[in-house]
Amino acid sequence: MEQTIFYIFSTVLVLSAGAVITVRNPVFAALFLVLAFFTSAAIWILLEAEFLALTLVLVYVGAVMVLFLFVVMMLDINLTVLREGFARYLPVGLLVAIIMVAQLAYIVGPARFGLDKFPAPEPHGADYSNTREIGLVLYTEYLFAFELAAVILVVAIVAAIALTLRKRVKTNFMKPEEQVLVKSKDRVRLVKMAAEKRDDQQAPND
Amino acid sequence: MTTPSSFEMPNLLPAVPEIFVLAATCVILLADLFISKDKKVITYLMSLATLIGAAVLTVTLHTGETVITFSGSFVSDPMGDVLKVFVYLVTAVVFVYSRSYLIARNLFKGEFFILGLFGVLGMMVLISAHNMLTLYLGLELLSLSMYAMVALQRDSINATEAAMKYFVLGALASGMLLYGMSLIYGITGSLDLAEINAAIKSLDDSKMMVAGLGMVLVIVGMAFKLGAVPFHMWLPDVYHGAPTAITLYIGTAPKIAAFAMVMRLLVEGLGDMHVQWQEILIIMAVLSMAVGNIIAIAQTNMKRMLAYSTISHVGFLLLGILAGTSEGYSSAMFYAITYALMGAGGFGMILLLSRAGFEADRLEDFKGLNERSPWFALMMLILMFSMAGVPPTVGFYAKLAVLQSVVGVGLTWLAVLGVIFSIIGAFYYLRVIKLMYFDKPVDTTPLQGSADMRIILSANALGILYLGLMPGSLLALCVAAIG
Amino acid sequence: MLEAIQSALSFLPDGLVTLLIILLKIFALLLPLLGAVAYLTLAERKVIGYIQIRIGPNRVGPRGLLQPIADAVKLLFKETILPTNANLFLFILGPILTIGPAMAAWAVVPFDDGLVIADIDASLLYILAMTSLGVYGIIIAGWASNSKYAFLGALRSAAQIVSYEIAMGFALVGVLLAAGSLNLGEIVTAQQGSVVQWFMWPLLPLFLIYFISGLAETNRAPFDVAEGESEIVAGFHVEYSAMTFSVFFLAEYANIILISLLTSAMFLGGWLSPFEGILPESMLTGGALGLLLGSGIHWLLLKTAFFMFLFLWIRATYPRYRYDQIMRLGWKVFIPITIVWLLVVAAMVVGNVGPWFD
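Chains as they are written, first to last, in this note's numbering: chain A, 1 to 206; chain B, 1 to 483; chain C, 1 to 358.
No incorrect hints appear here.
Partial chain C-side listing against chain A, Cβ under 8 Å, derived:
1) Ile120
2) Asp121
3) Ala122
4) Leu125
5) Leu128
6) Ala129
7) Ser132
8) Leu133
9) Val135
10) Trp143
11) Leu155
12) Ala158
13) Val162
Output of the computed footprint for chain A on chain B, the stretches with three or more beta carbons under 8 Å from beta carbons of chain A:
14) 60-74
15) 116-126
16) 134-142
Hint data in this document are derived by calculation from the structure and do not stem from the laboratory. We put the beta carbon where it would ideally sit given N, CA and C, even for glycine.
Construct the complete structure from the given sequences, taking the supplied hints into account.
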């Protein structure tokens, strides 16, 4: 049963990953990437790593890919330019890819990483909490790495802001806190004056 | 609150310099928001103070012993301490050189210094890594800061293109590195470098192949970051496209950190596979020296020329490491440190000659420098001699030490090749000297550059001369650090 | 009851029985949910009507009670218009991707002690993950419609949802800190004791932010610029008609109910009775009175109904935010407040501050 589910998800994963680089439409490519993330999350759930799986969905599918899709949709991508070198580089690319795949299949294949080479991990009890276990090692054993990851994110924020924030001179900003405080007498001036008569005889509604 | 039974509170003392730099950078990041645009010199001074403070902390906490903390992810040892102090020194020099250049180009912003300091933090982490995870994170911290710094000049097409190339290729290299690391982790079952080394000893031949593939991928990733041939393509473009002040940053201190990365991963982690990685490094070293020195001859742009010269220097650095002896490692360490100092001087000269709206990055901009400023022509002469490896500058001793260590392990032919290529390389360094002394100046505006920059730059060049005359102390330091 | 069904189906293979029972549970949840959605639309029109001193729909059936059914029948029989040059596959996929996660999120919602389809460990995270998927339907629908209004609406709504998700996530982290669990059922039981124990007191800012972010997440007034009728007609679903349109509608209202229910479960003690700890124990357990006053699903539904009413009340009361103000509120106000309050909550938990964390 579990194996069937695994093969279903992994087939979808591999196919969608392939589709990411082969489909013509970049929006479809991004959507296939979403599908790939989603199916790999499903495979992680099969591995009893539900915290990681849900985080993958939450972070990659729910946030990163949304922004990615955003950009892809708004860009006017010229596909012909993108595909110009495709046919020319295809033989070389294929050759490299085949060598890599063959090498990996040979080295990371069942001869060294097969199921019989590693003892199956013991199934966890019903009260085992994946989230708790990750939390425990993350804040103790991997504290240094965890802090570093935080620093990297800070650098990413600083870099993103430094590279994109431009002071726009022509934009008129409104300050809501000031808007709220406005009283009618600040904006409207009521003037008392005597009625005037128009000099010309034109109709008033021309 | 439950904690794993094996956990004990980490000893924070060895990591105090890192913690200090992080805290100080965060303070600067916040303070910079409140500093008006024309008072950014405060940010600059705070950054220098951070580097000095870190240096003081590193020196005072230096015990000469190897301490491992944070559950095996952080190591503080003599090599790390020495390298860190030089990282602070070189970065401080870089900041001083960059100031007037950045002001003239409207780049004198807090971000430059903040990213620079985060980069320093990345280098420190990289130097002190005792675990593949920490090593990778330190590398990414450094790289991310550098990508952003290259792109900092947003309206320059060259800089943006350079940043893009750097980022894409750097990400590819990180991917390779990670893939290699995951293979090594898969077969040894540990992230800890010392444990990996121990586990590799007991692997059988079949499993050794997995570790071998992992090692190859790790080396590919590191070669990308170092800029060794055949993974050097990004380097000239990035050095050329980035604003010179940033080229100065990425071309100097990170080389020291890169040396540490190679030491930690290859020597501490995969030391037992020395025979395998030696062959790869030999090929890369020979190619780097050949490609770097020969293509540099064809360059008309000073920054590109120095970029290719960097590639050739990386080749020499690899020579020291591939020897696989402690003499080799200490000579490579010596080479990395002196190269960082020479590079700082070389790019510093370009900065000195640049002014608002003018980049002195072509070779012809150096024409007749002797008539414009005999003193700085002399300084440049020393720097070029040192890069070429002409005695009595330090470049000579660095090359000599490396070649000696190669000969020491019986690879005399490699040493001969090294000598041949450095003779070829001498041509383009000497051409700069010829331009300075025997050609008429094209541009006769007097040199700009603040007094502090002039003083430090002179000290930099004279220091290289001094180290060339008395290399003993630094060499002894490197030997002691490698142990 | 489950055992009875199980034994009645015992002639089937084991796996099939499990599957059937799961399906039955899902039906038992979804059918009332869809009914609630239908009547929420009626409630909305009625409530807003009364607030605006109108009567609201009152023609179909007694007091207009059959109005939702009439609407549903009408939408079923309308033609589904497929715009020319629209990407048909994605055009259809859009509504499906909206309703799917909106329904899937209900799998882990507990209605009473143990009354839940899937009692998983990280249910809070699951809910967050599922609700974050809903935005795909909106983006895809907006893009596939091949219409500028739809596209603009989709961009607005996606940016808004992604932004407010952060504040919402942080609010949930506060709940997680306070309860010490990611399981919704355990979160509710962690609030046992009395009204004072409910998390709305120690987590007051997070509670308010969660609910307001919920308004923004569901694109409801005053954050409904995504469909701002006066500017971009109806936003991302402007090209949709008949069933495809009603699917979006269903998803939006199902999300409203979900947010209301989660707010009451996480901050207002879910199915716990407010009389706990006030009335003597004997009144809460025995007899008909005990059933009424003691903890039970009716309290959860009551609290949920209150928040649903709040949704409608707010819609009838407040003018629409301007887009940059929405972004400002989310990023510059809510996120900093939540981060600061997380520190406060963490300090309270570590310092065992009573009466919540002792």
